[in-house]
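A.B. asks: Residue numbers (my numbering), protein chains in the order written: chain A, 1 to 117; chain B, 1001 to 1421; chain C, 2001 to 2561.
Please note: incorrect hints may appear among the correct ones.
[To be verified] A partial selection of chain B residues facing chain C, derived with a Cβ cut-off under 8 Å:
id, residue
1, E1126
2, R1138
3, T1180
4, E1182
5, Q1226
6, A1410
I should point out that these hints are in silico values taken from the structure, not numbers from a laboratory. Each residue gets a CB set at the ideal place from its N, CA and C atoms; glycine is no exception.
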Amino acid sequence: MEMICIVCPNGCRLEVTGTGDDITVTGALCPKGVDFAHTELTAPLRSLTSTVATAFPLVPRLPVKTRGEIPKGKMHEAMAQIRAVRVTKPVKVGDVILADVFGTDIIATGNAGEVAA
Amino acid sequence: MPNSAAEKYDVLVLGAGPGGLAAAVSAHENGARVLLVERERKLGGILKQCVHDGFGLMRFKERLTGTEYAQREIDRFHALNIDVVTESFVVDIQPTDGTYLVTTQSAAGMCRYECKAIILACGCRERTSRQVFIHGDRPAGIFSAGTAQYFVNIQGKMPTKKCVILGSGDIGLIMARRLTLEGAEVVGVYEIKDAPAGLSRNISQCLNDFDIPLHLSTTVTEVFGQERVEAVAVEQVDKNFQPIPGTRQVIDCDALILSVGLLPEIELPNMLALPIDPATKGPVVDQTMMTKAAGVFACGNVLHVNDLADWVSVSGEAAGRSAAAYCTAPRTWNDNATALQYERGDFLYALPQYFDPTASEPLTLYFRSREDVAGKRVTLDLGGEKAAFSKKYRRLIPSEMEAVTVKEAASGTVYQLTMHN
Amino acid sequence: MQAKLEKKFPGVVCSAFGDSVRLEGELTDWDEIVRCGKRAAKAGFRAVINDITLKGFVPPPMRTPALQDNALAEQTPDVLIIGGGVIGCAIARELRRWALDVLLIDKEDDVAMHASSRNDGMIHPGIASHVGTLRGLYNVRGNAMYTQLCQELHVPFERWSNLILYSDPIFGVGARFYLGYRQKAFGIPGWHVSRRRLQELEPNIAQGIRGGFEYPTSGMLSPYKLTVALADCAVENGARVSLNTVVTAMDVKGTAITAVHTNRGTLRPRVVINAAGCFSDTVAGMAGDRFFSIHPRKGECCILDKEAGPLSQRSMGLVGLAAMSATSKGGGIMRTIDGNVLVGPDAYEQPLREDFSTHKEHIDAVLDKHLKLIRGFHRGQVITYFAGVRAATYEEEFIVEGSARVQNLVHAAGIQSPGLASAPAIAEEIAKITLGRLGGQILPNERFNPVRTAAPVLAKLSLEEKQKVIADNPEYGVVVCRCEGISRGEIRAAVQAPVPATSIDAVKRRVRPGMGRCQGGFCSPLVAEILAEEGVETITKKGAGSELFVGTDGKEGADHA
Chain A
1 MEMICIVCPN
11 GCRLEVTGTG
21 DDITVTGALC
31 PKGVDFAHTE
41 LTAPLRSLTS
51 TVATAFPLVP
61 RLPVKTRGEI
71 PKGKMHEAMA
81 QIRAVRVTKP
91 VKVGDVILAD
101 VFGTDIIATG
111 NAGEVAA
Chain B
1001 MPNSAAEKYD
1011 VLVLGAGPGG
1021 LAAAVSAHEN
1031 GARVLLVERE
1041 RKLGGILKQC
1051 VHDGFGLMRF
1061 KERLTGTEYA
1071 QREIDRFHAL
1081 NIDVVTESFV
1091 VDIQPTDGTY
1101 LVTTQSAAGM
1111 CRYECKAIIL
1121 ACGCRERTSR
1131 QVFIHGDRPA
1141 GIFSAGTAQY
1151 FVNIQGKMPT
1161 KKCVILGSGD
1171 IGLIMARRLT
1181 LEGAEVVGVY
1191 EIKDAPAGLS
1201 RNISQCLNDF
1211 DIPLHLSTTV
1221 TEVFGQERVE
1231 AVAVEQVDKN
1241 FQPIPGTRQV
1251 IDCDALILSV
1261 GLLPEIELPN
1271 MLALPIDPAT
1281 KGPVVDQTMM
1291 TKAAGVFACG
1301 NVLHVNDLAD
1311 WVSVSGEAAG
1321 RSAAAYCTAP
1331 RTWNDNATAL
1341 QYERGDFLYA
1351 LPQYFDPTAS
1361 EPLTLYFRSR
1371 EDVAGKRVTL
1381 DLGGEKAAFS
1391 KKYRRLIPSE
1401 MEAVTVKEAA
1411 SGTVYQLTMH
1421 N
Chain C
2001 MQAKLEKKFP
2011 GVVCSAFGDS
2021 VRLEGELTDW
2031 DEIVRCGKRA
2041 AKAGFRAVIN
2051 DITLKGFVPP
2061 PMRTPALQDN
2071 ALAEQTPDVL
2081 IIGGGVIGCA
2091 IARELRRWAL
2101 DVLLIDKEDD
2111 VAMHASSRND
2121 GMIHPGIASH
2131 VGTLRGLYNV
2141 RGNAMYTQLC
2151 QELHVPFERW
2161 SNLILYSDPI
2171 FGVGARFYLG
2181 YRQKAFGIPG
2191 WHVSRRRLQE
2201 LEPNIAQGIR
2211 GGFEYPTSGM
2221 LSPYKLTVAL
2231 ADCAVENGAR
2241 VSLNTVVTAM
2251 DVKGTAITAV
2261 HTNRGTLRPR
2271 VVINAAGCFS
2281 DTVAGMAGDR
2291 FFSIHPRKGE
2301 CCILDKEAGP
2311 LSQRSMGLVG
2321 LAAMSATSKG
2331 GGIMRTIDGN
2341 VLVGPDAYEQ
2351 PLREDFSTHK
2361 EHIDAVLDKH
2371 LKLIRGFHRG
2381 QVITYFAGVR
2391 AATYEEEFIV
2401 EGSARVQNLV
2411 HAAGIQSPGL
2421 ASAPAIAEEI
2431 AKITLGRLGG
2441 QILPNERFNP
2451 VRTAAPVLAK
2461 LSLEEKQKVI
2471 ADNPEYGVVV
2481 CRCEGISRGE
2491 IRAAVQAPVP
2501 ATSIDAVKRR
2511 VRPGMGRCQG
2521 GFCSPLVAEI
2531 LAEEGVETIT
2541 KKGAGSELFV
2551 GTDGKEGADH
2561 A
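Produce the entire structure from the sequences given, and follow the hints as far as they go.
C.D. replies: Structure representation (structure tokens):
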């Protein structure tokens, strides 16, 4: 089967043959593509980016992301948790906004509040 | 009276997106006294609304979101204590005897700056529904993808519950996923060409992951709805992009979101009457990023629309370096610079458009293939005994830009890019 | 006449209806229905009421606001003006020269929402009208009033002159006599321009043009800015404007309107002025004074980017013999007051009175016809296009008169091209008629100020002037619209004006953010923010129903520690 590696913007077109753990991957420019194909066939993962509400009138939304990846099928559930958060204290890039969401943290990808100035 | 005496700088950088930030830092590090001028309230340019990831793999060897990428560049910029003015809009640029007099408008009034060099880093803008000749009613609910992105990511407002996206540019694909995650229904993405305009990985992770269909060779021809969009008509097109009779379909939706291409924002290049390359739609430059106006440099998306912010930063650094060098050793545009030759049938565009053998800056050449081709060799001839660059590409597609850096000095009597088997 | 019509249009029945003639029946082609009406208009009646229906077509009801309240209940203004186009707004201002309670209503969310924002902005010299018509009379009279009016209202206006061009030398000879006659009869200055002179005046003009006629009194302005300015000035002088207000019915007793029912309550005005544009026949009918019909004639126009602006200096159109006697001139190219180029409009008959959709075939035809007039114009310069609908009667004539049947009704109806140029003269005349219908002694309004208070337009100011404006109010320094260089201060002033802008499009009509090449992509979120700051609760493009957002992303969750 064919799949596009989404690890980097190269977007390598992977050709995967075999089943289960016994697969061969061709077309990847780097080993990450091979790893990607393996995960994609067993337990696909995705990183999730979104925003959360804030209490700061000039910055009504703070961008966030999952620090690592979460199961592909859990994106909507993770969104529900993200939707329930509102940031009231100043935060900066990397601060944890929501801990332990499907095995990773939701962290800020921007600054908000006083530090934003 | 305007703030009377003009403040003096070596380099004025106009625009504080990734290109302008990199240019300001690099000009500063190369010894120039720099002022960064930004028209918006905050630094970062369009990256402020790019909450998605995929940035920085080249520059930071890390997968960052657009906002993280911007913050790193902003932090680095601020750490150097370079002067900056925000919410400052350039209204005039006058060449005056080897320097430039730049006038800005801001809450502080009309300010004037005298500088030796200018770096244009004013980015790009989206093509509109009118530029692709969509007809019918003109209700609320027709947004460019970038505007929709601003509404959702910056303001937290939803511009749609159920939409059609026209154009498969990357912002459109990113917005298809973003709107879906925020609870909207994306009925489909429609692309007039027979191949997607965006990156393959975005087709995969933004559309396929969410079962959003991509319809190629199909376009939106009409909008319905008096107040708010109620439906759009889509039609398949032939290879000349003319609608095929009998393929019309009316789709209920409350919004039409357009991702039909980006164009360099050339207000300031026009103010300076700089020659524009019809292929890139941006100003013509040599390998030092200098335009035909001596001392005016350009970088990033005002030159040509890049698909990665990382390359914008690279060109910003080059422009910053060159502008700083210009301040200590001014030069004029070299009329003997060699113009780039290439087959328009093979390449959508290539730049820099000129190679000046007398300039010391190494050449980084950017190009896009016109067609989706496999196994082609691209060769750059700079007049040396052997080709300055030659590489066989597994695949070249129009939506993915290629860049080539040439380190060795070359005579530059020839400057020709060819594609062959 | 019945026999003649019957022969050409089988099934059509005509009957006398007061002084007018009424047509009934059913036809299968809208153009036939219009032709039948035009034919009947030549039969010597006062006017044609065309009730012929189009087979299989149910006319959509007039679009009305959803709003229902009693804000106007039992009000008794001296004058009620129905319609907030350029005509209604000019009348409102004119009437406030007198001590009268003037109320203007419009069913839309803003003034200038129909034909007054959907035309080419040309103040015609009057040369296109037939001698002896009201269209010609008011045009010439109105044109002469514009210099002073625009100074008073602070509306940019330039007499850039108009060129009627020809490519057929025989036409040139004929037109000299034809146009010469009109020039003399109307008193319009104008002259023939040779091919060589034309090349000097307009260096980019196409080679095939053999000559033309120049009319120096022809002018250009922004028709919606003018309409808004008239309304603002009227309100500053004490007139009232009620938007989202539609007349639903009228009570008529004997020869007088006793009540006007609206969605905002029942009013009892002393005099009603019908300035309802494409619905002026409907309004006349409500008042029991049905004597004419409107046949909506649509036109589509394109706007070119400012980069095309400098290529031509004047408005111009290529004219052939056929067009000289036609009801519309067939459009042309016009350098707009804001520096863009307008191409068009075309003119075609269709039954819809408020359908402003554009069509590929019309826009393509307009571009194909006119772009070739100037070397350097091309399709890539198109930044937007729009459509408008002209309120034409079958007589192709203005109706500017007191009602023959209803004592307290005055018509400013059937106003089509050159309605914009004619507006000040029509308003003057309507005011005169209205005073007569009100009767009794009416005192002048001693405090009337013809000069409108205008907010600064930064782009038009010198460096020193800008500096001063910004020093007084720093918001004028912050540029919100990068394409047109419009500041936050200018936008806020529009939102705070006497007739406040309350939607994205209303702001755009007044101060232009969104008119430039980005078409609102960059600035509309910022304009929305300013509207919200000024207390506009729901951000719309153009009033209720056109909300920009369908809600928020729902992220109002619990606070993060």
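A.B. asks: Output the numbers, in ascending order, of every earlier hint that fails for this structure.
C.D. replies: Hints 3, 6 not satisfied by this model.
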